[in-house]
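With the hints as constraints, model all of the structure from the sequences given.
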Amino acid sequence: MRVNLSRNGDFSIRGEWLKVKKITVDDILIPKLTFATGNEAIVYGALLANCRFFAGYPITPATEILEGMAKYLPLLDDGICLQMEDELSSIAAVIGASWNNFRTMTATSGPGFSLMQENIGYACMTETPCVIVNVQRSGPSTGQPTLPAQGDVMQSRWGTHGDHYVIVLYPNDVQESLSLTIRAFNLADKYRVPVILLSDATIAHTREKLIIPNQKEVEIIPRVPVTIDVSKYHPFRTGFVRPTKVPEMDRFGDEYHTYLTGLTHNWKAYPTPNDQEVHEKLVKRFYEKIRDNRDDIITYEEKYTKDAEIIVVSYGIPSRSALVAVENARQKGHKVGYLRLITIWPFPHKKIYNLSLDIKKFLVVEMNLGQIFHKVNEYSRGNCEVEGFFKIGGKIPTPQEIFKMIKKR
Amino acid sequence: MTSTIEYLRNNYLRNDLLPSIFCPGCGNGQIINYVLHAIDELKIPKNNIVLVSGIGCSSRIPAYFDTDGIHTTHGRAIAFATGIKTTNPKLDVIVFTGDGDLAAIGLNHFLQAIRRNIDITVICINNENFGMTGGQASPTTPMGSFTATTPYQSIEHSFNLAFLAKTAGAPYVARWTTAHSREAINSIKKGLKKKGFSFIEMLSPCPVSGKRFKSSHEYINYYLNNSIKYSDKFRDETSSHLFSSLEECFITDHEGKIIIGEIVDIDKPDFHVLYKKLKEAAKNEFWKSRQ
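First to last, the protein sequences are chains A and B. Following the numbering used here, the numbering of the first sequence begins with 77 at its first residue and continues without gaps. Following the numbering used here, the numbering of the second sequence begins with 65 at its first residue and continues without gaps.
Check before you lean on any hint, since a few could be wrong.
To be verified - Cross-link-like lysine-lysine pairs, in silico, DSS-like; alpha carbons within 25 Å at most: (1) Lys411(A) <-> Lys483(A); (2) Lys98(A) <-> Lys352(B); (3) Lys308(A) <-> Lys110(B); (4) Lys352(B) <-> Lys147(A); (5) Lys480(A) <-> Lys437(A); (6) Lys347(B) <-> Lys97(A); (7) Lys147(A) <-> Lys285(A); (8) Lys308(A) <-> Lys147(A).
Calculated directly from the structure, the hints in this document are not laboratory data. These figures come from a predicted structure and were not determined experimentally.
Structure representation (structure tokens):
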């Protein structure tokens, strides 16, 4: 069947026209064991997490996410996918749509992520939940578009100007790309904060085993609806009906009449750009709403650390080499442990500090010139040695190279 | 029937935020007045209105309305509005923007939203300079003007935004000045009712930063005495090359006169109507492939 669109916008449809029945996510994905790429898994995860608005712009190596969303979202009753004119407008549309009570996402890579920074700050300031996928490639600038890197780890935390807090997650395989996408939406809605899901060119394009769950099995933590009466409601009023630093979020088109601004605003959402006290209170609350809930947000994977003398710290794609190297070294009698960060920001500083007390050395393996290395150094507070193994240029550190570093001591 | 200004103010504005931040002689207050009249005469429910704006003097307007409003980043108002309108087409989305916000940093979003024909109403308050930062040259500053950033005069051609919108294919375009109150209200009403992208350019005085004239009444006199109405008749009378396609983008004045009037009013299917049809066709294809 082909759909022909005439110049005045009328459809003429050749072929048989069936009675159009509602399509569910399970109809599209069909829960099964299959092979998929990391980018496909992110698309599936977003659909399962009830993401119904996507706006993006093609960029290697993230394009397949836009393509997948363009294929599947129009099939769902409330689904909309827009290919925007650039990354600036993609994130803008995503933030706007979020205020219509949509779960929204955009996906990009390095250069596009740089363009999005200003509006990520806007999402922080207006406490708008949204998910931004950054499939990392080598930078700076255009760099190596088709090759993996981890150079955006610090940018994802500090890319936009001013004091702000975001949550950053990073899977290391295809299955986790799906599950962390779902978690990203839940965290975004729970804490009203943009969540950045990092990936890299290798995870994005590796095809491996993926179990697609039934949508019923997927845990969805929805956005808290407004419970405050209209007369007492103010968009940024917190601690009024529930003891939390996350304000209740209304939606456009209701009777609450919310005004949002990127300017410093008081609890009524009125612009107060010259008030030191209001600004300090507002921005400190952005920090506190995340920091007070670190235990809920932070996840990591820890293996063989009990008796370890050296712990290899890694995240994303090099962590898969690291685990092989650690297990090989164990077999050869080296006391080596493995720590993989899944939540990158907020940083698991307590974990690093506690581990640092009993070991001789942290070995930080990264595909940048040392970004998380400095954080590990900071929180081990001189209790142990911190060494880095950094490899850039699009080649993943091999288990042999990491093993050599372990043996070196 | 027109409502009194007291009624409009008490019913639609956030009185606790007034007085506004606008300078004496600014046209923004008048434009708020025109929009209030248009909304009131069309009896649009307050809950249904979302006002979107970028950065600049005109972009501070939504704060004063007791409706949903979103004051976004510089130039991106129309992109935000695209996300809002496409996910809830029932809303009446009005974008307030200025000449710097729309034509300098945000021009691409303006043209792309016209291309998509998103059903929003964009009101551009054109004071021919960057007012909030103190009167720098903008893309609509007339050639030869002296501004803070063109101390030896501007040598760049200026955009005529209404004709730019026409060339890009907007189904409703009008251009007025703050001196044309009833015409402006009627155009805003038409724009709000229009299914598709509607663009209303409002030339507005800026005696504090723009300084083309020292007072607003000089501006008003200039607008009244130096404007010429755009019409088909006018079009026929002028030489054909003057209004053929791209040429039109670069005309600010016609023989020293400001061109005003309703420039485009056509019907064209908007994005939402087409997307709905597309979804039905896609669903149909999906079930056929699963048979």
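Exercise for review: Hint by hint, work out which the structure violates, then give me just those numbers in ascending order.
Suggested key: 8
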